[in-house]
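**Q** One-letter residues, chain by chain:
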Amino acid sequence: MTATVPTIDSPAALADSLRKVDYLADDRIAQVAFLADRLGKPILVEGPAGVGKTELAKSLARMWGRRLIRLQCYEGLDESKALYEWNYKKQLLRIQADHDKEWDELEDDIFSDEFLLARPLLEAIRSETPVVLLIDEIDRVEIETEALLLEVLSDFQVSIPELGTISASTRPFVVLTSNNTRELSEALKRRCLFLHISYPDPEREQQILLTRVPELPENLARQIARIVRSIRQMDLKKAPSVSESIDWARTLIALAVEHLDTEVVTDTLHVLLKYQSDIEKATAELTRR
Amino acid sequence: MTTPPAPITSLITAFVGELRAAGVPVSMVETIDAMRALEVIDIGDRAGLKATLAATLVKSERHLAAFDTAFEVFFATAPRRGEEGRGTPTGPAAEGGGSGGLGEDEIEDLRRSLLQSLLDNDMEALLDAIGEAVDLLSGFERGRPVGGTYYLYRTLRRLDVDQIETLLREVLSGREGELGELDRRLVDEEVAERIEQLRQAVQDEIRRRLVEDRGREAVARTLRRPLTEDVDLMHATRADLEALEDAIVPLTRKLAARLARRRRMLRRGRLDFRKTMRRSLATGGVPIDPQFRVQKPHRPEVFLLCDISGSMATFARFTLQFTYAMSTQFSKLRSFAFIDTVDEITEFFGPGTDFTDALARVAAEADVVHQDGHSDYGTSLAAFLERYGRDVTPRSTIIITGDARNNYRPPQDELLGEIAAKARAVYWLNPEPPSYWDTGDSVMSRYARWCEGVHEVRTLRQLEAFVEELSLPRSRPRGRSL
Ligand SMILES: Nc1ncnc2c1ncn2[C@@H]1O[C@H](COP(=O)(O)OP(=O)(O)OP(=O)(O)O)[C@@H](O)[C@H]1O
Ligand SMILES: [Mg+2]
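Residue numbers (our numbering), protein chains in the order written: chain A, 871 to 1159; chain B, 1377 to 1858.
Treat the hints with care, as some may be off.
BS3-like mimics (lysine-lysine), calculated; alpha carbons at most 27 Å apart, straight line [what the hints assert, rightly or not]:
#, chain 1, residue 1, chain 2, residue 2
1, A, Lys971, A, Lys959
2, B, Lys1630, A, Lys951
3, A, Lys1108, A, Lys1151
4, B, Lys1708, B, Lys1798
5, B, Lys1426, A, Lys890
6, B, Lys1426, A, Lys928
7, A, Lys1108, B, Lys1630
8, A, Lys890, A, Lys928
9, A, Lys1107, B, Lys1630
10, B, Lys1708, B, Lys1630
11, A, Lys1107, A, Lys1144
12, A, Lys1144, A, Lys1108
13, A, Lys960, A, Lys971
14, A, Lys951, A, Lys928
15, A, Lys1108, A, Lys928
By construction, these hints were calculated from the structure, which means they are not laboratory data.
Hey, can you work out the whole structure from these sequences and the hints?
**A** What follows is the structure in structure tokens.
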């Protein structure tokens, strides 16, 4: 890992550093990330799919040269997968191997670090060097697990009955993302800085396209960005995301397209749109005179 | 790190007061966070300040619009004045329908500079030109009790924005070279966007002058708009409706989680003494394992009947969407649409179907009109009783949504009495305010007699409150009685 951590003394400087790792932040994103760093508060990033929420956390980690620890949330995620769990198999084996030992001694033995499986939260807290902790798609967990996460984010410590309390030696920089399929608790929201990311404007999307698909001609990038914006304004089930416009750009390059017209667009719409009914609707709109 | 000077902290306090007045929940902790944040940013950078306050004070997308409006008022910059010497024409000349002594040439000049700055994307030049336009064309007068919209309208009309639009389209089309159909579409969208930008900038300038004239608090008060959850469904704009639709699913999931928690608490129930003692025999009579009387989680079986005639269609759509999003809370959910007769629409909303598709099918396929397409609650109730009456049991909760405006036809409310006698309870959700009930052709109180509750439901918040009550075990939402 490189030791040259740039000094970042303003949101503008942060945006510049992010650009160097290929992330195009707008003013708001840069301001909130800067603030989160200065205040030591988590960021809660919300917005539609594929607008760069996850990528923001990854890029911040790259920018600072910090390790990224990711907790991917899903329905049913619990403490043993988020925090830690004891390695039962290994414990059993040890008990069998040491069956002549006194229980007290054995107990101390098998509830030691060696048998602990650290999950992302504990790992982030135990890390000697500062990390970026990404808690991705938190809206998917049950409210009880959310409460657990909140607890960890409040104290940055974990208490393990058999081992005692482990406190963070360095504070992780925390990014939580949500697709807003469920409203999060007020308590969690109060603890975080809130950042809503929506689709980028055409100028920024064009820049994103050019960084992610370097071989893309500028003119085509501009056209793609504008057409995608136009399609997003239609009343669709699922609007195209930034990742989809990137996919589209790659497809167009593969097809050696240089200029977009109605025919090319309607022929390749399936890369941008995932529902047949959306494809039909967009085709009708685009070919209407 | 220095403590920010007093004026900004008191400004923040007043700003938080305005946010709260507009309905945005801002806690003490968040206010303190905002103040702390000001210590680490450059408060001279207005955009940065705005992002900072938004991140610390507002925690839901639904509240961002209210935040934006309040921010623009509370942190308004000074108005832009046009060139010195022109002054602000006020009084009768500016009042008249004409240009108040202003030559068409001068207006033409203004139009040119607005157009040029829009094309160059030169914000500074645009703001200057707008300052001048508002000076010359709005007829702004200090202390005059009219809203900003009035001045906005006057400025845009006298500027003749259509002309700017035409010119803009000409220039942009020229830039794109040979124009295909697709390019034309893109140019149109770009023109629309720039014109909106212009309109917005004029509005902002007028707002700045109003703030200067009347003070922040007064202007902010007149600009308050209801939050998404408080938007009146019956008078919602298109944008409101979209925001409402986006809000429904997250809200219902949160509500479901809250209900599950409350149910768990209730279910723990009272100590079952007899059962505890019986168990204790195994432990030599020591009651170490207390037994609780488990309450059967009662989930209502719901029949939802929606008036889907013209004026009620939006309301029906939202009650349907909300209720279906909450359907796991009910042991059974059947839905019906009616205008002058009724048809079951349950099958359109089967698992996995898209809600919008389902609604389209309701509109196309449901058989709800036998007469002239105006609501007839009487004939609809008769049809319901005849066709589905035998399915209604003491476990059924009937919810009727509509304004009870019966077009002066016979209400046949005794039929609702018959339904109520078979059911557990009948509820009525009426989107009109209670003061309208029983006026004109509304026969609300005729039906209310048979209802456990009649609820005014015209916002998402009211709908949420009703469904929450309904879904809890053994509770019976008490509505208004007439
Ligand atoms: N600002 C940006 N700069 C550079 N690339 C971006 C930016 N925003 C999005 N992208 C690109 O879009 C892709 C999708 O972004 P990402 O996976 O972060 O979306 P997301 O918001 O987390 O979506 P989801 O809700 O589906 O998880 C990224 O891999 C990246 O290539
Ligand atoms: Mg993601």
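**Q** Check each numbered hint against the structure and report the violated ones by number, ascending.
**A** Every hint satisfied by this model.
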